[in-house]
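Add chains B, C, D, E and F to chain A, keeping to what the hints say.
First to last, the protein sequences are chains A, B, C, D, E and F. Quick note on numbering: numbering that gives the first Met the number 0 labels position 518 of the first sequence as 517, and the sequence is numbered without any gaps. Quick note on numbering: numbering that gives the first Met the number 0 labels position 71 of the second sequence as 70, and the sequence is numbered without any gaps. Quick note on numbering: numbering that gives the first Met the number 0 labels position 13 of the third sequence as 12, and the sequence is numbered without any gaps. Quick note on numbering: numbering that gives the first Met the number 0 labels position 64 of the fourth sequence as 63, and the sequence is numbered without any gaps. Quick note on numbering: numbering that gives the first Met the number 0 labels position 4 of the fifth sequence as 3, and the sequence is numbered without any gaps. Quick note on numbering: numbering that gives the first Met the number 0 labels position 174 of the sixth sequence as 173, and the sequence is numbered without any gaps.
Everything labelled a hint here was simulated from the structure, so no lab data went into it. A virtual CB, placed ideally from N, CA and C, is assigned to each residue, including glycine. Any given hint could turn out to be false.
Said to hold, decoys possible - Each pair of labels, with its calculated beta carbon distance range: (1) E625/A with K55/E: 50 to 58 Å; (2) A114/E with C137/F: 32 to 40 Å; (3) E53/D with D90/C: 29 to 37 Å; (4) H46/E with K234/B: 47 to 55 Å; (5) Y688/A with H46/E: 38 to 46 Å; (6) K200/B with A133/F: 39 to 47 Å; (7) D218/F with V668/A: 31 to 39 Å.
What the hints assert, rightly or not - Subject to a maximum C-alpha distance of 27 Å in a straight line, what follows is the list of computed BS3-like cross-link-like pairs (lysine-lysine): (8) K561/A with K98/E; (9) K57/F with K117/E; (10) K6/F with K106/F; (11) K54/F with K9/E.
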Amino acid sequence: MAKSKESKKVGAVMVVGGGVAGMQASLDLADAGYYVHLVDKSPAIGGIMAQLDKTFPTNDCAMCIISPKLVEVGRHLNINMITNTEVEGLEGEAGNFTAKLINHPRYIDLEKCTACGECSRACPATAVNEFNERLDLREATYMTYPQAMPRGFVIDRSICVGCGLCEKVCLAEAINYDDKPRQTEMEVGAVILAPGNGVFDPSRFETYNYMDLPNVVTSLEFERILSASGPYQGHLMRPYDREEPQKIAWLQCVGSRDINHCDNSYCSAVCCMYAIKEAVIAKEHAHGELDTAIFFMDMRTYGKDFELYYNRAKEEGVRFIRSRIHSIEPEGECDLLLSYVDDQGELQSEVFEMVVLSVGFEVGEEIIELSKRLGIELNQHNFALTDTSTPVTTSRPGVYVCGTLQGPKDIPQSVMEASGAAAASSALLNEVRWTETKIKELPEQRDISEEEPRVGVFVCNCGINIGGIVDVPAVREYARTLPNVVHVEDNLFTCSQDTQVSMAEVIKEKSINRMVVAACTPHTHEDLFRETLLEVGLNKYLFEMANIRNQDSWVHMSDPEKATAKAKDLVRMSVARAALLEPLEERMIEIKQRGLVIGGGVAGLNAVLNLAQQGFEVVLVEKEKELGGLARHLHRTIDGLDVQKYMNNLIEEVQTNEHIQVLTEALVVGFSGAKGNFTTEVLVGPGMYERKIDHGVTIIATGAVEHKPNEYLYSEDDRVMTQLDLGNFLHENSKEAAKWQRVVMIQCVGSRNEDNPNCSRVCCQGAVKHALELKELNPDMEVIILYRDMRMYGLLEDYYQEARSKGILFFRYSADQPPQASRNGDGLQVTFTDQVLNRPVQMSADALVLGSATMAADTEELASLLKLPRNRDGFFLEAHAKLRPVECSSEAIYLCGTAHAPKLMSESIAQALAAASKAGSFLAAEELRVGGAVAVVDPERCAACLVCVMSCPYGVPRINEDNVSEINPALCQGCGVCVSECPGNTIHLGHCEDDQISANLHALLEGVI
Amino acid sequence: MNTTTPSKLEKILAEGHFAVTSECGPPRGVNGEVVEEKANLIKDHVDAINVTDNQTSVVRLCSLAACIRIKQMGLEPVLQMVTRDRNRIGIQSDILGAASFGIDNILCLTGDHQHFGDHPQAINVFDLDSTQLIQTVKLMRDEGQLLGGFEMKERPNMFIGAAANPFADPFEIRVARLAKKVAAGCQFIQTQCIYNMEKFKTWMQQVRDQGLHEKVAILAGLTPMKNVGMAKYMKNRVPGIDVPDEIIERLAAVPKEKQADEGIKICIEQIEELKEEEGIRGFHIMAIEWEEKVPEIVEMAGLYPRPTVEISAN
Amino acid sequence: MPVVEQLLGLAGVGKERLQLCWVSAAEGQLFADYVTKLSDLIGQLGPFQPDDFKLELAAVETVLKSTRIRWLMGMDRQITEQENVYHEKMDSEAYQAIVRQAVAEEYEKGMIFQALADGPQSVREIAGKIGLPVYTVSLRLNDLERAGQAEFHEFEGTTAKFVRMAA
Amino acid sequence: MQETYEPKILAFLCNWCAYAGADLAGVSRFQYPPTIRIIRTMCSGRVDPVYVVEGLKNGYDGIFVFG
Amino acid sequence: MRLRYPTNIKIIKVPCSGRVAIIHMLKALEEGADGVIVAGCLEGDCHYQSGNLRAKKRVIYVQEVLEKIGMEAERVAMYNLSAGDGPRFAEIAREMTEKVKELGPSPIKNAKKLASKKSKVEVAA
Amino acid sequence: MIMARPKPIEEIIDEIKDFNKVLIAGCDGCVTVCEAGGVKEVQVLASALRLYFTKENKRMEIDETSLTRQCDKDYLHELLDKIDDYDAIVSLACGAGVQFMAEMYRKKPIFPGVDTCFIGVTEERGVWAERCQACGQCILASTGGICPISRCSKRMLNGPCGGSEKGKCEISPDTDCGWHLIYERLKELGQLDFFAEPTDPKDWVSSRDGGPRKIVREDVRL
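In isolation and in its complexed conformation, chain A is listed as follows:
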């Protein structure tokens, strides 16, 4: 699409902040056809997540999840990473901004630096290591963390004495002392703010005397202690004497929900969950018995499967004590004394060996400055001001926000908002898609099938990482003697830019048709070398790597001779295998440029609208007569949005958009095809006539339903109603409601019990919203809320504050003594056990409102049609709880709204935009690369014995018409299980053939006998 003259929009986006949100937004946008400038003020991207050890609720290690994203962002053609840089100012309007940046000097040229680490080993100056939260030191020239991206060092001028030692030791001559701060400007069409947030500095709490007790640590410090790349290599030790603590306490709400020490009255939403996680993981690390105790006010585990996580923690012996600790006194040499009031009201005091302060989020000065400079308004807590219906749009058009700057939230929510922001910018800049992006032209691939294998071997020194231990020249000479080898060379850094160029020439000159690189791990560098092959016209599968660094020199440092011998073996193996490598072509198949959205609730409507705004044809299928879903029963959100008005013009916008086709009363009955080419059969309208829809992507937005309770006399007395009923009641006859004297609300009805162990997340805020409304109607009405945990997470805490100040009474009940609803005469009575007085209390009530659960809609049939897994409660399973929350495990099918899990309307909208962004990026590619390293059946020898069909975990092999097995290259994941299972040995796996493996084996053991 040529750059259209009249719209002077720029097809590029600036993403501020390289944390997990920034990275996700950049990837989505780059794939969707926009050039991304990812600006981060620290020397490496990764943000807070890079510091975490494990992440809830899946306990995956944070680094394992984030490093593929880091590599992808680092290597992406259309993402320009600008680190060590801050945004000065932003002029212009939506679609055409000019951003002014200052690039702080790094003193190390990233092009040249190969992160060998010599400079930091030599550097004499040391400083406190912020990445490890001041637990240990780091040198002046440092790299924030081992897997940092961009992989390069930086010199911290504040502590560098300028002795020049690093320049001496740097073999790559990457050090450049006269690097100066530079002012740069760039044109962008949209800006996405994802700067993340600082955590609260607990030194302000004198009573916790955090500064002078080494064994009092913040939760982020504890994460570093638990992390395998942390100061203690993941062993659970306390800073003071590196002993393994036997008793650890977590203090919740440090710097959150607190107005006297600091003015962060909001709840930071994630501390409860990460405290539980840290306790559970600490128990795993501990050798002996570890007693863990969490001191909290409300246990806020509201997300998907969070409650299960909380229950499992209780089973594993984590103690939960409901009280807020005032102070931490030193006890003995380095232990800590905590005193608190327990449930029964007695004063208790316990000695702990370590205390972790669960610090909440706090918007740092820098971020406030940044927001001012970019001209976006902040709310009273300095978070970006956004509207419920447009959660990712800031007050300044064209500038979007996601992640913790928008409000305290956990990683999945930030990732969703990141994709949402990407979707919003993609919609804004739709006309100039693919205008700024670069596409790599690849020369024609040389046909080498007839040629004899001519192997080029390139042995790398990697500075001294390999060269220092392995005798590289000897390995090079040894390689010369191997069969089929026509060229050998060794160089300092094979992966550096200039070596790539020289290798390309050598390949052309000596018409090499197989390449072996003996260097580091294929995980990080295989694609880099494969691209060099493509640029020189060779099929990228004609490449083999011998890992003589991570799996040889680095791990056999004490034994150079053996390491060199092993390097020779590894090179011999790779050369033997390289000779047998076959070129594998990947076919491009066309993606059907249309999307299908199933479910017309608030999520479905937002997803379909955004996809249309991104310029794609979309079909919306809704099984009810009219659109709206659950939102039809809502009137006002807690922050004042008039839901019906919003829904009406949303529906109106969807129905009038010419890209969108709406099919109401439509039921999905058939689903087939693979990613990029789905076909769905739908029965439409009362006549149930059949319609076939071809589409490339699918978005599931089937929503949820309110649980109709069967307790507390719900169906027997019309004065007992659910929150939705109350919403309608207040909407129709609020005068009637005003006459009520006392209203009792009961929370967790149908949630957090055996058959629905999860928390429904939204009923708490629903109750407080209506309570405040009732108080407005009649201030002296008595409103009582019986709760188990008040889960007013994030910025909702303010409403909880407001409710209490307005005299709404909150009583806690425990799960095993639930309140009873009974009737005497025609009056309604509620009795419950007051936790403080520990005595039953009985009161009459004019209305009893139940906070009933949000249950999954009945999607049994749809799930089986689309073969989508659902969890125990019927909600659809996302591909990865943390990093792919809007994608389903099968590709090109996306998920949003309450079909995924109960959530607020604003969260549903954010997730809908995220799903639209993912779908948009997929469609924008227009073509899909399939094949390459996949399994192929050789029909002659196939005995159609069905072993492959039965053993493939993805059920891909099928028996075709001439009854032999056939594997669809688009679906095959390339695991190779069928190849080893096939009794007739007739299946071949591209790039991992049996003969290649035996060549490997043979070459390895050739030396032995």
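Same frame as chain A, now just chains B, C, D, E and F:
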């Protein structure tokens, strides 16, 4: 019921008495006297003595030889024959052999699978099954023909019996199978040992519904329990036997030495109870390795003395 | 010299045992006076038993041999008088503070490194042996681990044992 | 500490100034206690701090450096 | 992290532990390997859902075959570890090297050496 | 399909230990389906045998091949030229294949590599069960499609014996009682009357008892 065969057992049943039969297991050796001793123990208290044919697939002195001995003692043997060990040629020749010695009662069984016996490696024959064996004996007796079609001059004249297990699952097939055996020509039935009374009664009820109890004489099979161990063994190990828990509890409640008498008492109670059951025409008391107790049981159950019937020599 | 003096102080040997005096070729007399004065001074100090300072001396030696300190000492004049690589002069007092800090750190690391010579020990055991506060030992031990000179060995109950590694 | 104890002292003398000074002391027959053992170095700068420690370890009670 | 483990381990990369067939393990032993490690993801974490379970079954089969032909079954072993667990891999490498050292060189290796010596002798004679 | 199970390797070792050059011949027919004699199994067996003999320092050459089927002469012919340089052959085909190869190559010892078990079905991956005894005279029409000859351990033609318990055969709790299945099926099909009258003794001539059998079809024979 008119009598068609010289069998004394048939006559007793025809005259409406309660027939009493028992069993004696031939030895796992050549000593024929063992059979005689056992027969002597019970000769006055039973109308006929069943001789098992390699019970539970364990090789024993053959049933034919034992029956001949009993016949020569002037008693009334019941030849048991399983279709497991011999094919139709062997079976028919044995029947002729038995008839030649005047043995005129035969109990047709399929027999336990060799898996249980002492020769699990053996091949099993099962050329015929119990129903087809009944048909064969009937064919030989009524038409005087062998299965192959040969016409015999003299015919074996045997009172045909079969076994039935009212307790094996699936329950509703049991009566249908009995009907099949009756259709095949079976004249008397000896049931599996009974412990579960109601189940047996429901079985009998269904038998009576189909009017089978007129067509065939049903002898209730009983085995007194020696001790609680035996009861458990029968319950768990022996196929097709349903021992309800009350029986085991009753035995367990009694001290070790008293358990034998308690077993007998249970057996007697069962007999008393079954006397009233319409369609029960007699009792088959299987006291494996405990033959000496049979007289005591027969007397205490009021079935002594045995009715005498004039025997027509054939 | 200030570095050596600082180290000798840290080691408890006392800096008096090391004297620096300037004598020109002509000042034979001055030389002799110095010698007599100083040897009396040493005399008062009494014999120096190297064995009871074995650990400390070894530590001082490692510090003096470490590239970090030698490089800092070597560059002292260059940076404070001429200019460093950023063409700026650092005021010598700040530089000295950095050097002192570095020397103290290296000395403590040296002591721990020596203490670890006789097998795996816990932080408390090391602290007891070399008389440094526990928390300092914990921090410096972490530096040794980062430099690959020490390594976590195993847990004995809840106490972590560390062992020395040939760098 | 009584005087009689004989301290052992190691002295580094830079060849140009101190060593010459010492020779001069000899020429002029100035007396000084025999407790010191002299090592000649080209310049006092040559004295590596490590030597100081070496000295102490090998039993010297004091180290003098004359520049 | 620069952990240390013995050099005797040579690593072959495969897309999934489920790709390692029985014949690969036997061929390795046939060619004179003293030990074979098949390392897959933790059970339940397999990227291809059940690849590592297949690998486990095949390793057990090979161990049975080895026992039957009189070779030590411990020469072949299956290990599970997570991608992030560097120390565990080092531990496995050390553990397996120790175990194979105890078992001594593979009988196949000696036999082949003997055979090649003999054939050399024949050629020479 | 004919179902077979690989022979324990020690048996095969005994078979060929006195020879020096052995060929392992697989068959791509039924034994591949039941994963007993396909190309993969040939390779695994060959490799294991080589391991054993090398360990025993016995010079033994083991080659591998696999024929499309071993129950057809022309496929067996493929070995004609190779066969002479082998002392013995281990055939992983079913019993028929092994014998047919022995018939063709008279002077070469042919050893079986698998134990052929029964004609049956694949219940699930790795589990095969018997369904047919090839008695030569199928009576499935009258037993609701379930064959008592192969599914009842006593080959009874008249209803379950006294020993069946909870629908399982007396010999083992995890073997279904054939007649119980028949009864249920007949009940579903409403053909219970088949169950009522007794079935006459079976004519076993057409089964194995009638001696080795041949099918001769003149219509297709020349």
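Violated constraints from the hint list, given by number and in increasing order: Numbers 2, 7, in rising order.
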